[in-house]
Amino acid sequence: MSNQVTLSINNQSVTVPAGSTIMDAAQKAGVSVPHFCWHPGLSIAGVCRFCMVKVEGMPKLQIACNTPASEGMKVDTVSDEVKETHKWALEFHLINHPLDCPICDQAGECELQNYYMKVGKYQSQMEDQKVLKPKALDVGDTLVLDTERCILCSRCVRFEDEVTKTSTLGIFNRGDQATIGTYPDRKIKHNYSYNLADICPVGAFTAKDFRFKCRVWFLKETKTVCPGCSTGCNVNLFQNSNQREYYRLKPRHNADVNGHWMCDTGRTMYEHLNASARLASPLLSGQSISSAAALQAVADAVKGLSADKVALVLTAQYTNEEYAGVLSSLKTVLKGTPKVFVWRDESEKADDFDGILFRGDRNPNTRGMMDVLKEHAIQPTMLKGDFSALAGTSPEVTVVMGPEIEAGYPNLQKALSRFSEMKKAVYFGNSLTDAAKKFWLRVPVKTFAEKSGTFVNFNGVAQKLKANPPVFTNVKAVDEYFAEVGKLAHTAG
Amino acid sequence: MPVMNSAYNGRQPNEFKVLTELEGIPNSRSLEVYKKHGGYAALEKILKGKMSQEEVINIVKASGLRGRGGAGFPTGMKWGFVPKGEGEKYLITNFDEGEPGTYKDRYIAELNAHMLIEGKLIAAYAIGASKSYIYLRGEFYDEIAWCEQAIKEAYAAGYLGDNVMGTGFKHHMDVYIGAGAYICGEETGLISSLEGKKGQPKLKPPFPAVKGYLGKPTIVNNVETLAVVPWIIRNGAEAYKKFGTEKSAGTKLFNISGPVVRPGCYELPLGYPLKRFIYEDCGGLIGGKKLKAVIPGGASAPVLTAAEVETMTMDYEAFAAAGSMLGSGAVIVIPEDVSMVEVLENLMHFFKDESCGQCTPCREGTGWLLKMSRGILQGEGQPGDEKKIAEVAGKMMGRTICTFSDAAAGPARSIPQKFAHEFLEYYKKKSSAHGQG
Amino acid sequence: MAYVNVSRDPERNFKNGYLATSLLGLGTTLVTFTKQVFGLEESNTVQWPEVEYQYSDRFKGAHFLTKRPDGRVRCTACFLCATNCPAQCITIVAGESPDKGVEKYPVRFEIDILRCVFCGYCEEACPVDAIRLGPEYSMAGLAERKWVYTKDYLLERDAVKRKVGEKQTSKKDENVKHDSVDSSLPNIHIGGSDGH
Chain A
-3 MSNQVTLSIN
7 NQSVTVPAGS
17 TIMDAAQKAG
27 VSVPHFCWHP
37 GLSIAGVCRF
47 CMVKVEGMPK
57 LQIACNTPAS
67 EGMKVDTVSD
77 EVKETHKWAL
87 EFHLINHPLD
97 CPICDQAGEC
107 ELQNYYMKVG
117 KYQSQMEDQK
127 VLKPKALDVG
137 DTLVLDTERC
147 ILCSRCVRFE
157 DEVTKTSTLG
167 IFNRGDQATI
177 GTYPDRKIKH
187 NYSYNLADIC
197 PVGAFTAKDF
207 RFKCRVWFLK
217 ETKTVCPGCS
227 TGCNVNLFQN
237 SNQREYYRLK
247 PRHNADVNGH
257 WMCDTGRTMY
267 EHLNASARLA
277 SPLLSGQSIS
287 SAAALQAVAD
297 AVKGLSADKV
307 ALVLTAQYTN
317 EEYAGVLSSL
327 KTVLKGTPKV
337 FVWRDESEKA
347 DDFDGILFRG
357 DRNPNTRGMM
367 DVLKEHAIQP
377 TMLKGDFSAL
387 AGTSPEVTVV
397 MGPEIEAGYP
407 NLQKALSRFS
417 EMKKAVYFGN
427 SLTDAAKKFW
437 LRVPVKTFAE
447 KSGTFVNFNG
457 VAQKLKANPP
467 VFTNVKAVDE
477 YFAEVGKLAH
487 TAG
Chain B
1106 MPVMNSAYNG
1116 RQPNEFKVLT
1126 ELEGIPNSRS
1136 LEVYKKHGGY
1146 AALEKILKGK
1156 MSQEEVINIV
1166 KASGLRGRGG
1176 AGFPTGMKWG
1186 FVPKGEGEKY
1196 LITNFDEGEP
1206 GTYKDRYIAE
1216 LNAHMLIEGK
1226 LIAAYAIGAS
1236 KSYIYLRGEF
1246 YDEIAWCEQA
1256 IKEAYAAGYL
1266 GDNVMGTGFK
1276 HHMDVYIGAG
1286 AYICGEETGL
1296 ISSLEGKKGQ
1306 PKLKPPFPAV
1316 KGYLGKPTIV
1326 NNVETLAVVP
1336 WIIRNGAEAY
1346 KKFGTEKSAG
1356 TKLFNISGPV
1366 VRPGCYELPL
1376 GYPLKRFIYE
1386 DCGGLIGGKK
1396 LKAVIPGGAS
1406 APVLTAAEVE
1416 TMTMDYEAFA
1426 AAGSMLGSGA
1436 VIVIPEDVSM
1446 VEVLENLMHF
1456 FKDESCGQCT
1466 PCREGTGWLL
1476 KMSRGILQGE
1486 GQPGDEKKIA
1496 EVAGKMMGRT
1506 ICTFSDAAAG
1516 PARSIPQKFA
1526 HEFLEYYKKK
1536 SSAHGQG
Chain C
815 MAYVNVSRDP
825 ERNFKNGYLA
835 TSLLGLGTTL
845 VTFTKQVFGL
855 EESNTVQWPE
865 VEYQYSDRFK
875 GAHFLTKRPD
885 GRVRCTACFL
895 CATNCPAQCI
905 TIVAGESPDK
915 GVEKYPVRFE
925 IDILRCVFCG
935 YCEEACPVDA
945 IRLGPEYSMA
955 GLAERKWVYT
965 KDYLLERDAV
975 KRKVGEKQTS
985 KKDENVKHDS
995 VDSSLPNIHI
1005 GGSDGH
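Protein chains in written order, with my numbering: chain A, -3 to 489; chain B, 1106 to 1542; chain C, 815 to 1010.
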């Protein structure tokens, strides 16, 4: 038996591996089959009965998600019979749905709404009272559950059983009283809880973090990479471009990196992007100055110094392009390679892994940084809890490229105090912490959302970031600053 | 139209004793009485006679025995689906008997549970199962005790254990007590329940015969199906085929309920005329009431009108031709003074309560059907509602994992179609009540 | 190809020329003025602000927010008005209501009235009859006045109260919530009249 089967869907021929379902084949052929309970990252439940298709030779309609594709099968997804079935399947889903879309956060990205526009558009015949169920249940620190909106597709139950293996959720009661809920005295407590809100096709699970903050139709998504750890999950970053305000991240499917999911820690990676959490302009000894003046100050400080009098402290949270740019600019200015240090947090356990996605190395680009340094033939010195190596070289100017995601550096305050004690300590970063205030010069930089560069994840997969317009127009990326410094030092010299 | 089988003219039901042989015999539940009437001879014939698995399956196939639980699937063929060879396999007896109006399995246990045990042993031998369960409904207190007693006796007599009758055949049997859900009478729902999960039917494929209980090949058979197997082995397939029609062979237990003079459990050959059953064997309706309708095979079977009953014979094909089904053989007689709207509401209430809530059309549809039929009953209906009920029921059919929603749709489609005029009366009541202010 | 010559008005003559029509208009003004001076005709001019003009009830003036029968704001902060607003003059900040049956309510609801074009699309979009364009038309004020109407102002404006009175409490069906919204347990058989 060959391990490929060829079938036709709506007279379009498609070849899939043996053992695939009609749904897999339809996905491959680009035919959309409406579905609720089927999710490519979970097992098959076959309960929503929405994905029914006509298979030639079978008396009844079959569900696409659980019917194995076989050689020569003829599948039809557009006939009137199938359309009628889809319409009725939607009607059954909607008869007890509260239709409180105005106050539902899912509105705008709700599968019920989408499918109503796609395959529904009927006048409901339901005139009786709807079934009432508990609403706005607190099911954990991150989620709110509305059992009335739930269509019992069981995706969340399967996610808990199969992905996180925490099995907090179950379906209780039977018939139209069936209700999703947590088992008694249990709450959803794991680092992947927001995925439940994502996979919920309706608004039954809503994220507390995003709840009531913004309607989704105001948001614009950017395809980028999560900077939260060295896994480098592919994400969509959502911004309200009118407000220049970031609201959330959602995972983007990439079978090689993160599959369908991302962790809750990664979901917080929008918080430091918004204006209120960031340094707006450079500060020279606590005084706000223009970017040009700040760069002039840096240029003046490094001008004429020999390369070994300048220390460059790196964190692995910048892009490859930035490291390369900074190093080549400095090399030109100093006519030599500065002393390079790599700052890791002292509590870091880089090899930790939670078994799903989250890694102990909280820097997104450790691999990339090391590669760039290697290219420049630089052997960096590690600063991990012990800063004597830096102090020992007694540099005239210390340039610190601080971490963008400070949550990955629990001992940030302590380290920053040590760095700021150095002579002419320049801090590139957006930190608003007290310890950062002690630096001679602080220069704000672009965040991962505002630059297009490359992160290399723990596995060596290089991934591109995609830039949004910056929140502060005067703020630049660190390599752009150093290119400027290079020019200034050149003209001055 | 099905032709009345003339062979039954003049013959009395007590001439067709296959399962009910022990009827009326004192102390019938004991092993001694059973053995005196040929008990365990069939098992002995197979084990001592060194019959092969195929031979047993072929006899059952030849007998034309079909599943007595409701679906009527040929039993021998079902056994044949189990993969051959080594490996753990399971045999489960469906003693959930939840179909409203059905009490035939309980009657078998009341007569003698050893019939079931012997049948199970034969089936287990045929499919190569070394472990089997009797899945009993929790409310059947007496039946649980009888089955457990019979199993104990069988162990003591050497019919069960590591070395059955000294032939080296190993088989263990256990009683599992369910919590009394209708859906656990569905074979995959039953397996889920037996596995300790919520009683919900499983997605097919994979079919239980390939991947069932604990992921192993599993056969689920009704009590009546298994209990008749020893008789077939003892007397041969041909003897069994003498009863019944060509496609519906053998006898079947029919339970009749409703206002008939002699309700009860009757063993009749398939193909027996329904009218004769109601009017002669059961003595007709109490007080000489007129017959309005008959639900021929338990709650899920579409109703037959009195006119349809006239010529109906009780076999799989005749019922199917009339758009109904033989089901579990529970004949529910509805007299002239019962409103069909009430019947519908009652049935819909049952189905709404028993839907497992897994598949959307069934979960939402059964609730909706109840609300609509209750609305009509309470005088809130409006013309066209009966059509809406039939339409909604039609859209539930054939679209779910198990056949529960088809079962609910059966009466919900047939009653509004066949008795539309009764619905109109309810709408009239409403408008006249409004008229009076 | 057919075309119309527009270079010269074919009906141009002295009678419909500039001078004649101007004098005609002036004549009408003089006649009306004289009639009104001698009280032969009613004046259409309203002596505002001494006399207030009564617009139709359906006049779309300054916005107000309606209330629930218990006096709370009806708005559920769905953002549909803000989405629909062509002038983007509505700002809403939603919050979690302590009443679980209401769930979502506007913490802030602001209309930048200087940007508003009084199109009434907000009223059209509202699914709960929470925002209406009221009868108030005199909104003039000095530059230092607050031109962003806040939630409290939109709910409790004297001019609106005076003019719409009871109408500010929307009679639209309340979205009645069952007790089950306060329950953390799945409810079984609501209204359990069937005692199964």
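Be aware that one or more of the hints could be misleading.
Said to hold, decoys possible - What follows is a set of in silico ranges between Cβ atoms, one per label pair, in the way DEER data are often shown:
#, chain 1, residue 1, chain 2, residue 2, range
1, A, 349, B, 1188, 50 to 60 angstroms
2, C, 951, B, 1492, 48 to 58 angstroms
3, A, 64, C, 897, 37 to 47 angstroms
4, A, 161, B, 1492, 26 to 36 angstroms
5, A, 137, B, 1284, 27 to 37 angstroms
6, B, 1160, A, 185, 30 to 40 angstroms
7, A, 110, C, 951, 26 to 36 angstroms
8, B, 1284, A, 161, 22 to 32 angstroms
9, B, 1319, A, 9, 15 to 25 angstroms
10, B, 1311, A, 113, 34 to 44 angstroms
Please keep in mind that the hints were generated in silico from the structure rather than gathered at the bench. C-beta: ideal position from N, C-alpha, C; glycine also.
Right, here's what the structure says about each hint:
Between residue 349 of chain A and residue 1188 of chain B the Cβ separation comes to about 41 angstroms, which falls outside the hinted range of 50 to 60 angstroms. Distance hint check: the CB atoms of residue 951 of chain C and residue 1492 of chain B are about 54 angstroms apart, consistent with the given range 48 to 58 angstroms. Between residue 64 of chain A and residue 897 of chain C the beta carbon distance is about 45 angstroms. The supplied range of 37 to 47 angstroms therefore holds. Roughly 49 angstroms separates the CB atoms of residue 161 of chain A and residue 1492 of chain B, a value that falls outside the hinted 26 to 36 angstroms.
A beta carbon spacing of about 35 angstroms between residue 137 of chain A and residue 1284 of chain B agrees with the range 27 to 37 angstroms that was offered as a hint. In this structure the hint that residue 1160 of chain B and residue 185 of chain A lie 30 to 40 angstroms apart at CB is violated, the actual value being about 59 angstroms. A beta carbon spacing of about 42 angstroms between residue 110 of chain A and residue 951 of chain C contradicts the range 26 to 36 angstroms that was offered as a hint. Between residue 1284 of chain B and residue 161 of chain A the beta carbon distance is about 27 angstroms. The supplied range of 22 to 32 angstroms therefore holds.
Against the hinted window of 15 to 25 angstroms, the Cβ-Cβ separation of residue 1319 of chain B and residue 9 of chain A comes to about 40 angstroms, which falls outside the hint. Distance hint check for residue 1311 of chain B and residue 113 of chain A: the Cβ-Cβ separation is about 36 angstroms, which falls inside the suggested range of 34 to 44 angstroms.
In summary, the structure is inconsistent with hints 1, 4, 6, 7 and 9 from the numbered list given earlier, while agreeing with the others.
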